[in-house]
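Produce the complete structure using the sequences and hints provided.
The listed protein sequences derive, respectively, from chains A and B.
Residue numbers for the first sequence follow the working numbering, so the first one is 1 and each next one is one higher.
Residue numbers for the second sequence follow the working numbering, so the first one is 466 and each next one is one higher.
Because the hints were derived from the structure by calculation, they are not lab data.
Any given hint could be a false lead.
Said to hold, decoys possible - Taking lysine-lysine pairs in the DSBU-like style, the calculated list, with each CA pair at most 35 Å apart, reads:
1) A/420 - A/180
2) A/244 - A/181
3) A/181 - A/359
4) A/244 - A/111
5) A/72 - B/617
6) A/127 - A/250
7) B/617 - B/514
8) A/111 - A/127
9) B/617 - A/204
10) A/307 - A/250
11) A/244 - B/636
12) B/514 - A/72
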Amino acid sequence: MTPDDSFNSGVARPTADQFDFNELIFEDRVHQRIYTEEAVFREEMRKIFAGVWVYLAHESQIPENDDFVASKLGLRPIIVVRDSTGRIRALYNRCTHRGATVCRQQQGSAKSFACPYHGWSYFNSGKISGVPWPDGYADDFSDPKYNLAQVPRVQSYRGFIFGTLNPDMPPLEEYLGGVKKPLDEWLDRHPGGTLSFCDANRLKFNGNWKLLYDNSADGYHVIFSHRSLLAMENRLVEGNDEDKGMAYYKSSPDNAPFYVKVFENGHHYKDKRPAVDTSPGGLWNIEGPHPGMEHYEALIREKLGDKAGSVLDLASSEPVNINVFPNLHILGNHVQVSQPISLTETDTTWWGTAVIDEKDELHGCVDAVNALRMRTQESFPNFGELDDLMNFEQIQAGLAGVEDEWVYMHRGFGIPDRIKRDTDGYLIGPPTDEVFLRETMQVYKNLMMSEPNLIIERDIEAAAE
Amino acid sequence: MQHDPSRTSYYVGDDFYQSVVDSYSEWQSDDMEITDPALRDSCRMLLEKEARLLDQNRLDDWLTLYVPECLYWVPATPHGGDPRTEIAVCFDDRRRIEDRIYRLQNEFAWSQHPVSRTARLISNVSAFSTSDENVLMLRSTFLTTEFQAGDKRTYTGWYGHKIGSEEGEWKILVKQVNLIDCDQNLRNLSIIL
Chain A
1 MTPDDSFNSG
11 VARPTADQFD
21 FNELIFEDRV
31 HQRIYTEEAV
41 FREEMRKIFA
51 GVWVYLAHES
61 QIPENDDFVA
71 SKLGLRPIIV
81 VRDSTGRIRA
91 LYNRCTHRGA
101 TVCRQQQGSA
111 KSFACPYHGW
121 SYFNSGKISG
131 VPWPDGYADD
141 FSDPKYNLAQ
151 VPRVQSYRGF
161 IFGTLNPDMP
171 PLEEYLGGVK
181 KPLDEWLDRH
191 PGGTLSFCDA
201 NRLKFNGNWK
211 LLYDNSADGY
221 HVIFSHRSLL
231 AMENRLVEGN
241 DEDKGMAYYK
251 SSPDNAPFYV
261 KVFENGHHYK
271 DKRPAVDTSP
281 GGLWNIEGPH
291 PGMEHYEALI
301 REKLGDKAGS
311 VLDLASSEPV
321 NINVFPNLHI
331 LGNHVQVSQP
341 ISLTETDTTW
351 WGTAVIDEKD
361 ELHGCVDAVN
371 ALRMRTQESF
381 PNFGELDDLM
391 NFEQIQAGLA
401 GVEDEWVYMH
411 RGFGIPDRIK
421 RDTDGYLIGP
431 PTDEVFLRET
441 MQVYKNLMMS
451 EPNLIIERDI
461 EAAAE
Chain B
466 MQHDPSRTSY
476 YVGDDFYQSV
486 VDSYSEWQSD
496 DMEITDPALR
506 DSCRMLLEKE
516 ARLLDQNRLD
526 DWLTLYVPEC
536 LYWVPATPHG
546 GDPRTEIAVC
556 FDDRRRIEDR
566 IYRLQNEFAW
576 SQHPVSRTAR
586 LISNVSAFST
596 SDENVLMLRS
606 TFLTTEFQAG
616 DKRTYTGWYG
626 HKIGSEEGEW
636 KILVKQVNLI
646 DCDQNLRNLS
656 IIL
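Quick look at the structure:
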């Protein structure tokens, strides 16, 4: 075959339409093809990473007017900007002229973006501001079709910025639904109910993005995948010291009082708080060792006496996993974002969060808390997540055995009375149950079997309402 | 020493953070560079020994090159950043380095299954004197190749070592690892750089 033949050889490459998701996703298992087919990935980048609300950035990354931060909506390069009037927008980072990116910095401040290729420039609202030598054009560029494309709908919930290309999506708050409650609780632990990003542990793995989402409320893997972490955190425990870290998974976690809860739209929640002592200082007591721990604890206790416990808890890892489909995970004090790069490559960025204390609710201890909190947050990405990511990579490797078709997620399935409903109607299961995965796969199946309405906007008044 | 830094971390406080931040600002000035070949060679030997012990996976021996109250620091920002208010790739005190070694030597650390093989090149070693005559700052360039689970990858950047003289021998006080891609997503960085 010559190179020319191969270009038009007529080799049939499947499209996602050629897959019947009724044959790929069942109640108790899914087909390996959803993790290994390019065509499925391409459709996910439209139907999910554009068709639903996708997390884009945090408001603390663009605190002032004219600030911007680079992001992606699926594979689309996006500039999330707080424009000169204060409106948050998600601009396509793509010159209207010939398609080059107009912004090549990760983060910064700019009133306008000029394309390095031919010099077309745009205000940070997306409106075209000028082109070099305009008399060479018959147009006067007043038509909005020359403005940067932008994500038509951009909304924030308590600092978290999301975007969708789908005009039929309900408002963000409705899409979030039940997951707002744990998110609120997680935020409201902090003075002022807010926080700011403070750099990140940035990781990646050679595997499909769903492998990370599949694991995000998985309580079954903890003592096996994180065996080295649990041993490490407890190596200095002696006498009557409390077990550290996620030791509460060690024996019969399904009989322990914590649980997994499933919300609408693929969101779910692992609430481990009932498994630990949540009285003031309780969380701090089960923190593994961290740099500066004893120094700052002594300092805070000396300063605050009886009130020290709850302040130290702010430097501790909050025992929750809050998962917002498809790419946002809140766990410990982290905001973990996953970003598909290709069918078999995924970036996962663990943004650290710092406490802001404008009203001095922490009685002069905020710097000490943050100095501790930086170090507690570095622990899991270094000593836990790497083992997860290796297991995800090894799933991707294992799935190359294509004749072995099924991936099972039926832990808890078919056992009467194991899964219950809470008073809001959300499913609740024991912590190691795979109910969250089964339910998410049904949401995924529905999305992949329908055709969303996807639009971009160039009218700067209509956009980002 | 009042506290055993292998068990408790009293030394990592405001003073320590400040001294680290101060040590790593404005230290690479031409007028402070050491030209004495013998002194420079003794610094180079320390770095080469460190690289060899890490390549040989002799982690306990490697740690003997460090003072008890030491630091292993891999910033997540190219300028180094302020570790009190910014997350680092790694910011390990003595106890956390020992944690790291313990985990790497634990057969259940899946990210090191199989254990990585590494080959480190260190070059462009320059030494700088400081206001403390027993303390030097070293800059060197590194290229570390890692082979693990069928994948070969490289880490590149420069080291900033803060070393001190102890009974006629150099010991490492702080090792700062400046990866040229420290602000990018990195795959399975589970080895000690």
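Here is what the structure says about each hint:
A threshold of 35 Å between alpha carbons decides the hint, and for residue 420 of chain A with residue 180 of chain A the separation of about 20 Å falls inside it, so the pair holds. Among the hinted pairs, residue 244 of chain A with residue 181 of chain A is consistent with the structure: their alpha-carbon atoms are about 27 Å apart, no more than 35 Å. In summary, the hint linking residue 181 of chain A to residue 359 of chain A is supported, as the alpha carbons are separated by about 25 Å, within the 35 Å threshold. Distance hint between residue 244 of chain A and residue 111 of chain A is unfulfilled; the C-alpha atoms sit about 49 Å from each other, more than 35 Å.
The straight-line distance between the Cα atoms of residue 72 of chain A and residue 617 of chain B is roughly 28 Å, inside the 35 Å bound, and the hint therefore holds. As the CA atoms of residue 127 of chain A and residue 250 of chain A are separated by approximately 57 Å, the hinted pair breaks the 35 Å bound. For the proposed pair residue 617 of chain B and residue 514 of chain B, the alpha carbon gap of about 23 Å is at most 35 Å, so the pair holds. Our distance criterion of 35 Å between C-alpha atoms is met by residue 111 of chain A and residue 127 of chain A, whose separation comes to about 11 Å.
Distance restraint check for residue 617 of chain B and residue 204 of chain A: the Cα-Cα separation of roughly 15 Å lies within the 35 Å cut-off, and the hinted pair is therefore satisfied. With a CA separation close to 31 Å, the supplied pair residue 307 of chain A and residue 250 of chain A stays within the 35 Å bound. Annotation: proposed proximity of residue 244 of chain A to residue 636 of chain B holds, straight-line Cα distance about 33 Å (limit 35 Å). Of the supplied pair hints, the one linking residue 514 of chain B and residue 72 of chain A is violated, its CA atoms being roughly 44 Å apart against a limit of 35 Å.
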